[in-house]
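**Student:** One-letter residues, chain by chain:
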Amino acid sequence: MLLDFILNGVATSWRIHPGESLFEALRRHGRLEVKGNNCGNGECGACTVLLEGVPVPSCALLAGRVAGKRVETVTSLGTLERLHPLQQAFLQHSAVQCGYCVPGILLSMKALLDREPTPSREKIAIALSGHLCRCTGYLQQIEAVEALGLPYPSAAETNVVPYNDREGGENGS
Amino acid sequence: MLKQVTDYISPTEIGEVPALLRQFPGEAALVGGGLDLSWRPRKQARVLISLDRLPLTYLEPREDGLAIGAATTLLQMIESPLLAAYMGGFLPRVLNRVATSLLRGMISIGGALVRAYPWADLPCLFLGLETKIVLYNGTDRLFSLADYYADRSLRGPDGPLLREVLLPSLEGSRVAYQRFTRTAVDIPLLNQLLRVRWEGNRVAEAFVWLGARPGAARRVVEVETSLVDGSLSVQEREQAVVRMRELAEVESDLRLSADYRRHLAGVLLRRNLEEVADAA
Numbered sequence: 006m007l008l009d010f011i012l013n014g015v016a017t018s019w020r021i022h023p024g025e026s027l028f029e030a031l032r033r034h035g036r037l038e039v040k041g042n043n044c045g046n047g048e049c050g051a052c053t054v055l056l057e058g059v060p061v062p063s064c065a066l067l068a069g070r071v072a073g074k075r076v077e078t079v080t081s082l083g084t085l086e087r088l089h090p091l092q093q094a095f096l097q098h099s100a101v102q103c104g105y106c107v108p109g110i111l112l113s114m115k116a117l118l119d120r121e122p123t124p125s126r127e128k129i130a131i132a133l134s135g136h137l138c139r140c141t142g143y144l145q146q147i148e149a150v151e152a153l154g155l156p157y158p159s160a161a162e163t164n165v166v167p168y169n170d171r172e173g174g175e176n177g178s
Numbered sequence: 079m080l081k082q083v084t085d086y087i088s089p090t091e092i093g094e095v096p097a098l099l100r101q102f103p104g105e106a107a108l109v110g111g112g113l114d115l116s117w118r119p120r121k122q123a124r125v126l127i128s129l130d131r132l133p134l135t136y137l138e139p140r141e142d143g144l145a146i147g148a149a150t151t152l153l154q155m156i157e158s159p160l161l162a163a164y165m166g167g168f169l170p171r172v173l174n175r176v177a178t179s180l181l182r183g184m185i186s187i188g189g190a191l192v193r194a195y196p197w198a199d200l201p202c203l204f205l206g207l208e209t210k211i212v213l214y215n216g217t218d219r220l221f222s223l224a225d226y227y228a229d230r231s232l233r234g235p236d237g238p239l240l241r242e243v244l245l246p247s248l249e250g251s252r253v254a255y256q257r258f259t260r261t262a263v264d265i266p267l268l269n270q271l272l273r274v275r276w277e278g279n280r281v282a283e284a285f286v287w288l289g290a291r292p293g294a295a296r297r298v299v300e301v302e303t304s305l306v307d308g309s310l311s312v313q314e315r316e317q318a319v320v321r322m323r324e325l326a327e328v329e330s331d332l333r334l335s336a337d338y339r340r341h342l343a344g345v346l347l348r349r350n351l352e353e354v355a356d357a358a
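Going line by line, the protein sequences match chains U and G.
Residues 6 to 178 in my numbering are what the first sequence spells out, letter by letter.
Residues 79 to 358 in my numbering are what the second sequence spells out, letter by letter.
Hint data in this document are derived by calculation from the structure and do not stem from the laboratory.
Just so you know, these numbers come straight off a predicted model, no measurement behind them.
Some hints could be false.
Stated by the list, open to error - Per the computed footprint, the stretches of chain G lying under chain U, defined by three or more beta-carbons under 8 Å from a beta-carbon of chain U, are: (1) 82-89; (2) 108-114; (3) 178-190; (4) 290-298.
As the list claims (entries may be wrong) - Keeping only pairs whose Cα atoms sit at most 25 Å apart, straight-line, the calculated SDA-like set for lysine to any residue is: (5) G:K81 with U:K128; (6) G:K121 with U:K74; (7) U:K74 with U:Q102; (8) G:K81 with G:K121; (9) G:K81 with U:H22; (10) U:K128 with G:A262; (11) G:K121 with U:C44; (12) U:K74 with G:G147; (13) G:K81 with U:G73; (14) U:K128 with G:L137; (15) G:K210 with G:P133; (16) U:K74 with G:A262.
Unchecked claim - Label-pair distances were calculated between CB atoms; the ranges are: (17) G:E329 with U:S18: 24 to 32 Å; (18) G:Q101 with U:G104: 27 to 35 Å; (19) U:R75 with G:R233: 33 to 41 Å; (20) G:A294 with U:K128: 26 to 34 Å; (21) U:C44 with G:P133: 28 to 36 Å.
The C-beta atom is built at its ideal place from N, Cα and C for all residues, glycine as well.
With the hints as extra help, turn the sequences into a complete structure.
**Tutor:** Right under this line is the structure:
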């Protein structure tokens, strides 16, 4: 079947299998920013995308359900040269270690901030509840969102320090 | 990947759904959130009928309560101002603890009530709120949720479609819900809803539903009866807790023993009673 939808702001038309998940369709079409080989049933949150601004696990979402809708992956946030403020905050607060869960978490945090620019710590924790992270213990991620200086500006409005120019070199350490 | 699926159909008129179910008997599956299909693929489901393009996502005030479209997600319910005003925001508070933040954006109220896994929160919650549902099979038919669950002929793989959920206003009632889980995002190992209608300072009606026993939710009528005409004094509450532990129909499973469930049934009742007594 033919699937027409908006992927990261771009009108997209893909041929998909009618029983395929969005995660499978994304990976098969080379969108490798959606992390692969996860739980496969919506429990870990690593493959999260935004569907009409709502974070959902793409592995448990039938691809056919996004027909005519907006889908955003982590690529919609920022680039290595121009990080989104959320991405920068995560780096500054060491909220990233292995990085596997981070694309999904960033999207959930973006959705939260879009709906509620100054969320309480409890609301941040609730929004994280669909994500498994085995490195950071979540605290740094909560602190990163809290310390963002809310309401947070969009990347376009911010003089974001390019990732490679950050103090400490390319790895930011 | 549901490899056996050959067709994905997105009707735009609700009247098309019964015709499609008749066209593919035993081979079609309705897709609301679609989570259940991902978790428990059904080999015979060759045709997926999506509800996405049907007008089934809404919350509306009705003459005596609220109507919720079957495709409305838990997240939409949590964020609904109408539901925030219904019974003091009881449902958004509880729904915010069901599943995870990500799954709440996908789980539809209709799908959750039709699937009705015995361990799930929603059947116990909505049974306790005297919910009615509208089934559509070419025409609308109104059932209480309890009758729907009691009549297995209404829940076949070929429908009918659960179109709408109706919540009565339940004015004068107080409601409390407790669930026991091993982690914040776990499924309940026991859940319990208590609803009490006060007349002055005495209990006129009481309803106690116990779910995830691990079987489907059931009322504990003897405990309800023991609460009626009382004032929920500390002594009455403790007597009810003892009765609950005597009467709770619970069993063991891989996750919890019957003895522990029985003990928990009393703990949850005590907490629920405290909540409705405080609210009064």
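**Student:** Against this structure, judge whether each hint is valid.
**Tutor:** Hint check results:
no.	hint	result
1	82-89	holds (count 6)
2	108-114	holds (count 3)
3	178-190	holds (count 6)
4	290-298	violated (count 0)
5	G:K81 with U:K128	38 Å, violated
6	G:K121 with U:K74	28 Å, violated
7	U:K74 with U:Q102	32 Å, violated
8	G:K81 with G:K121	9 Å, holds
9	G:K81 with U:H22	8 Å, holds
10	U:K128 with G:A262	14 Å, holds
11	G:K121 with U:C44	21 Å, holds
12	U:K74 with G:G147	20 Å, holds
13	G:K81 with U:G73	23 Å, holds
14	U:K128 with G:L137	24 Å, holds
15	G:K210 with G:P133	19 Å, holds
16	U:K74 with G:A262	31 Å, violated
17	G:E329 with U:S18: 24 to 32 Å	52 Å, violated
18	G:Q101 with U:G104: 27 to 35 Å	48 Å, violated
19	U:R75 with G:R233: 33 to 41 Å	35 Å, holds
20	G:A294 with U:K128: 26 to 34 Å	33 Å, holds
21	U:C44 with G:P133: 28 to 36 Å	33 Å, holds
The structure fails hints 4, 5, 6, 7, 16, 17, 18 (numbered hints given earlier, in ascending order).
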